[in-house]
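Order-wise, the sequence lines are chains A and B.
With the first letter of the first sequence counted as 1, position 473 gets the number 473 in the UniProt record's numbering; the numbers rise by one all the way through.
With the first letter of the second sequence counted as 1, position 153 gets the number 153 in the UniProt record's numbering; the numbers rise by one all the way through.
No lab work stands behind these hints, which were simulated from the structure alone.
None of the values given here were measured: they were computed from a predicted structure.
Among the clues, some could well be false.
Unchecked claim - The list that follows gives simulated cross-link-like pairs (lysine to aspartate or glutamate, EDC-like), each with its CA atoms no further than 20 Å apart:
hint, chain 1, residue 1, chain 2, residue 2
1, B, 523, B, 511
2, B, 496, B, 580
3, B, 16, B, 555
4, A, 521, B, 601
5, B, 411, B, 641
6, B, 567, B, 641
7, A, 239, A, 371
8, A, 239, B, 580
9, A, 65, A, 48
10, A, 598, B, 511
11, B, 521, A, 329
12, B, 239, A, 443
13, B, 411, A, 656
14, B, 65, A, 334
15, A, 665, B, 70
16, A, 7, A, 407
17, B, 665, A, 48
What the hints assert, rightly or not - Using C-beta positions, here's what the derived DEER-type ranges look like:
hint, chain 1, residue 1, chain 2, residue 2, range
18, B, 612, A, 210, 33 to 43 Å
19, A, 67, B, 54, 23 to 33 Å
20, B, 511, A, 51, 55 to 65 Å
21, A, 59, B, 612, 11 to 21 Å
22, B, 278, A, 327, 14 to 24 Å
23, A, 24, B, 67, 14 to 24 Å
24, B, 276, A, 24, 40 to 50 Å
25, A, 210, B, 59, 36 to 46 Å
Here a beta-carbon is modelled for each residue, glycine too, at the ideal position from N, C-alpha and C.
There are 2 protein chains.
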Amino acid sequence: MAFPRPKPTTVETLAKERTNAPFNVRKLSIAMHGSERALVLKEKFMAEIARHPAFKLADIHDLSKDELRERTMEKFASMVYFVTTESLETFQLRMQLIGIADPSFWTRFGVAYGLFLGALRSGATPNQLSYWIDKGVLGLNGVIGCFAMTELAHGSNVAGLETTATFDPSSDEFVIHTPHLGATKWWIGGAASTATHAAVFAQLIVGGKKWGVKTFVTQLRDTKTFTLMPGVTIGDIGKKMGRDGIDNGYIQFTYVRVPRAHMLMKHTQVSREGEVTEPPLAQLTYGALLGGRTSMVADSSNSAKKALTVAVRYAAVRRQFSSGKNQLETQILDYPIHQRRLMPLVAQSIAIGFTALKLQTMYEDMTQALDTLEPGDPNLNETLDKLKETHATSAGLKAFCTWAALDTIDKCRQSCGGHGYSAYSNFPLMYADFAVQCTWEGDNTILSLQAGRALIGAWGAAVKGKRLAPGVAYLGIPNILTAKSDSSLSLADIQKAWSCVAANVVKKATEEYLVHLKAGKTKDEAMERCSQSRFIAAKLHTVGYIFAMFSAAVEEMPNNPETDVLKTVCRLYGLWQIEELQGYFLKYGYFSPAQMDKVQDSVDTLCAEVRTVAIPLVDAFALSDHIVNSPLGRFDGSVYESYFAQVQASNPTPKEHPYFNRLIKPLLERENTTYEDAEGAMGLDDELTEMAEERKAAAEHKEGHVRRED
Amino acid sequence: MAFPRPKPTTVETLAKERTNAPFNVRKLSIAMHGSERALVLKEKFMAEIARHPAFKLADIHDLSKDELRERTMEKFASMVYFVTTESLETFQLRMQLIGIADPSFWTRFGVAYGLFLGALRSGATPNQLSYWIDKGVLGLNGVIGCFAMTELAHGSNVAGLETTATFDPSSDEFVIHTPHLGATKWWIGGAASTATHAAVFAQLIVGGKKWGVKTFVTQLRDTKTFTLMPGVTIGDIGKKMGRDGIDNGYIQFTYVRVPRAHMLMKHTQVSREGEVTEPPLAQLTYGALLGGRTSMVADSSNSAKKALTVAVRYAAVRRQFSSGKNQLETQILDYPIHQRRLMPLVAQSIAIGFTALKLQTMYEDMTQALDTLEPGDPNLNETLDKLKETHATSAGLKAFCTWAALDTIDKCRQSCGGHGYSAYSNFPLMYADFAVQCTWEGDNTILSLQAGRALIGAWGAAVKGKRLAPGVAYLGIPNILTAKSDSSLSLADIQKAWSCVAANVVKKATEEYLVHLKAGKTKDEAMERCSQSRFIAAKLHTVGYIFAMFSAAVEEMPNNPETDVLKTVCRLYGLWQIEELQGYFLKYGYFSPAQMDKVQDSVDTLCAEVRTVAIPLVDAFALSDHIVNSPLGRFDGSVYESYFAQVQASNPTPKEHPYFNRLIKPLLERENTTYEDAEGAMGLDDELTEMAEERKAAAEHKEGHVRRED
């Protein structure tokens with residue numbers, strides 16, 4: 001464009017924001033990534049995919065579902081090299097990055113490696129694992145796996161799945177069968193057109209008896225011709241809200257036979273003779289599900305940071321309204337209300353990021369303990385405690401972090417005004433892709449209630465003076481229920497506030513539960529009856545936990561300018577969430593109404609403070625323009641030029657109007673028809689004509705009147 | 001499908017929910033629609049479009065943007081008959097229904113009739129109006145209009161628009177010009193490929209002086225050939241989050257000449273000699289914008305009701321988890337937490353519906369007053385008061401009602417679990433289409449602040465004992481600031497609670513404003529500084545206002561079973577919102593902590609109570625299966641059969657796999673390659689192989705060990 005640009009340009013405005021940052025952006029970035037190695041690796045991954053044609057992102061908003069799916073498959077080949085050669089830790093960091101660059105591919109890939117391979121890792125015997133590795137599950141040269149758990153009528157309730165796997169001793173096989181429509185396997189990522197095998201969850205039936213849900217590796221398609229195996233019916237389940245690059249499908253089995261050896265038998269075994277041996281500890285089989293949740297906490301932070309990178313940069317360069325005539329308009333980030341819209345969300349994304357680092361460590365410890373566990377192990381109880389804590393903690397975190405991230409994406413979109421609604425802002429896709437995180441791997445509400453149930457248990461333990469897991473140790477602090485603020489609003493004061501209020505709501509949930517128990521309800525019924533209070537307990541506990549993880553991480557850091565800014569951010573997070581949930585802090589008297597006004601003032605002040613470093617702060621999120629994929633969030637600030645260029649590139653003018661002759665011309669050239677009004681009422685045309693005439697008459701009358709007065 | 005169905009079927013379950021409703025569904029429906037006539041008309045509109053091929057909805061999830069746009073244009077012709085023959089009132093009801101059936105078409109149609117024609121109605125002189133009617137704006141036979149206000153760099157700040165319209169006295173023309181990229185008209189619905197004329201908002205420049213933003217009807221395309229007029233550059237702005245059926249475009253004007261008579265001159269006139277006459281009351285020119293906001297309150301209620309119809313019916317038929325072995329699983333609507341997720345939202349959608357009916361009346365009164373207003377009118381002050389109240393009230397309502405509806409749609413989606421993520425559930429499109437309502441016609445946050453500014457003004461008036469508009473009369477109730485609950489939680493108690501707390505937060509915002517004023521800030525600066533408190537004031541006032549409208553409507557109704565259920569719903573709405581915003585009620589002491597616990601208990605109880613009539617209640621929303629367009633929300637309850645049928649119909653199996661040979665086969669048949677590990681670390685393949693070997697060794701060792709012990 002040869003247009004002149006108004007001064008200062010958006011590029012100049014953004015550059016100015018980067019001068020005089022009171023901290024070193026790279027050092028801060030390393031702190032937020034957990035290590036320099038993690039940051040350097042991320043930069044390497046970003047550079048690699050930015051140059052790989054399959055990872056082109058600029059055009060994805062205009063691709064059809066079918067085109068997106070084909071592109072997903074193009075990415076597979078490029079990743080096999082890494083999965084087979086990189087250490088698990090490195091590969092996980094790579095996948096974390098892919099998760100925010102391309103959630104569809106991340107999922108399809110995760111189905112093959114996280115879920116299908118994960119099912120083998122946690123459920124196969126050593127011989128079975130070797131067998132499937134030899135078949136090619138790692139290199140995909142022979143087996144491309146998918147994970148067939150969910151059914152049309154059963155999602156959350158895995159134990160209620162209705163697909164059957166009946167042992168036939170005459171042939172030493174299982175017969176996999178879909179008994180009715182509701183038992184159709186549904187949502188199965190990769191089933192529609194790319195998987196050869198599935199890990200099928202089905203009710204084991206041996207000798208006419210049901211033994212619960214087990215996993216059966218079942219071949220879906222011939223690996224040479226890709227035709228469906230006999231008895232396997234597969235359909236495409238089509239368009240979704242987002243992640244259209246995954247080929248989700250449905251599967252119906254009609255008496256499909258699989259060898260007995262294809263049931264994963266690490267935990268439960270079925271012998272040649274049809275004897276069933278059950279595992280001593282059924283809960284150990286669920287450990288593998290927790291990996292997904294853990295990675296979703298990190299993904300929540302990263303996705304929120306991606307959205308915030310766009311919203312904060314755009315708010316810094318967008319100017320709207322000037323305070324005086326002909327003055328330069330104000331950067332919208334300088335409006336207190338806009339700081340209120342974005343700065344707390346920045347703080348939250350950072351808080352969740354630090355929590356994810358801690359949770360990852362907790363998860364790895366637990367996995368290691370589980371992997372090496374044998375029956376009769378002396379560490380069994382300790383390992384079970386670890387599993388229990390990781391289970392409860394990750395349930396609450398998965399729920400509230402994914403909700404927070406989804407909310408952040410939409411608030412960022414709204415903060416960008418109309419342009420946030422353009423596909424090219426990337427918010428619409430971010431939202432649509434992320435939305436499913438609140439549902440899969442456990443519906444958020446249900447997971448919150450699980451976390452709440454564990455908290456009720458923990459309160460019982462606290463009352464009895466039992467040893468408490470670190471995450472709920474605050475329940476045992478003496479007099480925590482009646483603690484009061486010292487008015488300092490320091491990190492310690494904030495921490496105490498969360499401990500006090502979380503303890504109170506956990507206590508309230510427990511009391512309600514006990515009232516229902518005493519009234520004769522079963523445990524399950526009593527739990528249902530107190531579910532609202534249980535939900536509240538989980539919410540306050542989880543937010544307090546995130547604050548605790550963030551504040552612990554900050555306290556461990558050396559005294560330097562980077563730590564200083566993180567301390568400010570941490571206070572903002574803690575106080576803003578207190579403000580959001582102020583009812584509980586007032587109800588339990590930790591803060592007085594006057595102190596709560598001070599909390600509001602402090603949040604105002606902290607928002608203004610964080611705003612001054614907002615651009616270097618989001619720069620430290622270290623997300624490349626390629627990953628962010630939004631002209632509004634360009635690192636160099638050239639938002640309007642980039643946006644205009646992308647809109648033009650994505651929407652070339654067609655040579656011929658696609659429907660002018662068929663639809664518009666007949667409308668424009670239509671003869672005026674006088675329609676009869678079916679209702680006998682005055683039509684809009686009559687009304688408008690009458691209005692025009694009345695006004696003319698009035699104007700003439702007045703004119704006449706004025707003249708007469710002259 | 002020949003599958004057997006489990007008993008009771010979903011159809012039987014839903015039918016059972018309709019037996020023994022304690023009220024007459026049709027009578028309740030009439031009450032919620034405002035009149036029997038409104039309901040009957042709606043049913044007629046629904047029947048008409050259900051049979052019209054252009055309004056087919058079952059396939060829209062799989063149409064491309066280009067196909068959606070073409071279909072939008074197909075609908076135009078079918079509507080012209082109605083717009084020219086129906087009364088405005090009937091036509092508005094028709095559009096309200098179209099608004100939830102097909103938001104894209106509603107918008108494109110609204111651009112032509114609501115915005116373009118609206119600009120003419122409010123801005124044209126009588127002669128100008130006649131001229132454009134003769135040209136064909138009503139029947140679209142000659143003029144298809146669009147509304148060119150927003151620019152790339154200016155949305156909210158209309159006064160800051162940068163397109164110029166410079167008067168050239170030599171030719172008696174205006175020269176419309178886009179001075180730089182940021183001034184490009186952007187988002188213009190209909191510009192990309194369907195409009196012939198635009199109402200262009202531009203800075204009027206006469207004699208080198210700027211006179212502010214006025215409207216200029218500018219021809220974009222030749223009506224015979226549809227080629228662009230000289231100097232007009234138009235591009236397509238492409239994919240959006242939703243409403244892809246609208247052809248939004250950008251427009252750049254390069255010294256485009258329009259006759260002087262094409263400036264709309266009802267308010268400001270430019271004479272042949274270049275004399276500019278300005279209107280005595282500039283604020284009167286903004287009245288027309290309020291129509292959009294008013295209709296958005298009704299649309300918020302209707303959109304929320306559509307989403308809730310799906311979520312509530314699905315929750316009634318979906319069963320998950322049984323309380324005992326082999327027992328029938330529980331309907332998820334019977335879980336207290338699921339009632340908590342949906343019943344308050346049902347109450348809110350009804351509350352907003354009644355508010356919309358009241359607001360519509362207020363808006364019509366005001367429009368009538370404005371239409372007949374002449375300078376020097378004795379009713380001028382009263383009319384200005386009405387305009388002011390409608391402006392402030394509609395600003396707050398637009399913001400909080402659209403937010404509430406968007407939130408409802410997403411919560412409904414989440415409440416349906418995984419299936420809510422399927423495009424065919426219709427939630428994804430509902431969300432994507434609705435999302436823009438929070439942004440256009442005034443960003444919600446900015447509108448909230450406008451409402452808050454008006455409240456600060458009203459508090460000032462209350463303190464001075466001045467007459468208050470009905471909507472803020474509560475600010476003048478003696479001792480309202482220190483009112484206390486009588487513990488009854490009756491409608492009157494709830495009303496007093498809202499008045500008390502809203503008055504307190506309005507007072508707080510005012511006090512903050514005054515502190516900043518006294519500290520020497522300008523009025524605008526002081527307003528910015530107190531924006532968080534202003535926002536809170538607007539929020540509490542608006543929710544209280546919605547409650548007041550709902551409760552007033554219910555109090556006016558005759559004593560009968562329909563009114564009884566609405567009273568229950570009204571209490572649920574009021575108490576649930578108190579619980580949501582409990583901090584303020586505790587802070588200002590209207591409720592004690594113990595009373596607040598009682599509020600929570602009451603909300604639990606009311607949720608359970610409304611649940612018993614949930615199905616007949618959503619039936620009374622009177623939305624046809626065609627409009628709802630979601631198999632999960634089928635009236636007859638055949639959710640899984642309908643869902644499966646739609647998935648199959650929308651996704652036929654392709655004859656040939658689209659990319660098996662190109663992408664999958666090479667992957668499957670690849671030779672095993674041993675990659676060198678670049679990092680020298682252990683790759684995942686090594687790790688897994690090692691793990692398998694270790695386990696084997698451990699198992700053998702143990703076996704040996706056990707044998708030795710034998």
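Just to be careful, I want the Cα atoms of residue 665 of chain A and residue 70 of chain B compared with a cutoff of 20 Å; is the pair within it? Between residue 665 of chain A and residue 70 of chain B the Cα gap is close to 13 Å, so the pair holds against 20 Å.
Distance restraint between residue 7 of chain A and residue 407 of chain A, which requires alpha-carbon spacing of 20 Å or less: Violated. Residue 7 of chain A to residue 407 of chain A sits at ~35 Å, over the 20 Å cutoff.
Are the Cα positions of residue 411 of chain B and residue 641 of chain B separated by 20 Å at most? violated, 24 Å
Hey, residue 521 of chain A versus residue 601 of chain B, does the alpha-carbon distance stay inside 20 Å? Within the cut-off at roughly 18 Å; holds.
Would the hint linking residue 65 of chain A and residue 48 of chain A be met if the CA-CA limit is 20 Å? Violated - the C-alpha atoms of residue 48 of chain A and residue 65 of chain A are around 25 Å apart, more than 20 Å.
Check the hint pairing residue 521 of chain B with residue 329 of chain A against an upper bound of 20 Å on the C-alpha distance. holds, 18 Å
Consistency of beta-carbon spacing, residue 612 of chain B to residue 59 of chain A, with hint 11 to 21 Å: Because 52 Å falls outside the window, the suggested range is violated.
Given a hinted range of 40 to 50 Å, is it respected by the beta-carbon distance of residue 276 of chain B and residue 24 of chain A? violated, 57 Å
CA of residue 411 of chain B to CA of residue 656 of chain A, is that 20 Å or under? violated, 43 Å
Just to be careful, I want the Cα atoms of residue 567 of chain B and residue 641 of chain B compared with a cutoff of 20 Å; is the pair within it? Status violated; Cα separation ~37 Å.
Is the straight-line distance between the alpha-carbon of residue 16 of chain B and that of residue 555 of chain B 20 Å or less? violated, 31 Å
Cβ separation of residue 210 of chain A and residue 59 of chain B, checked against the hinted range 36 to 46 Å: holds, 42 Å
Checked against the numbered hints given earlier, the structure breaks hints 3, 5, 6, 7, 8, 9, 12, 13, 14, 16, 17, 21, 23, 24 and satisfies all the rest.
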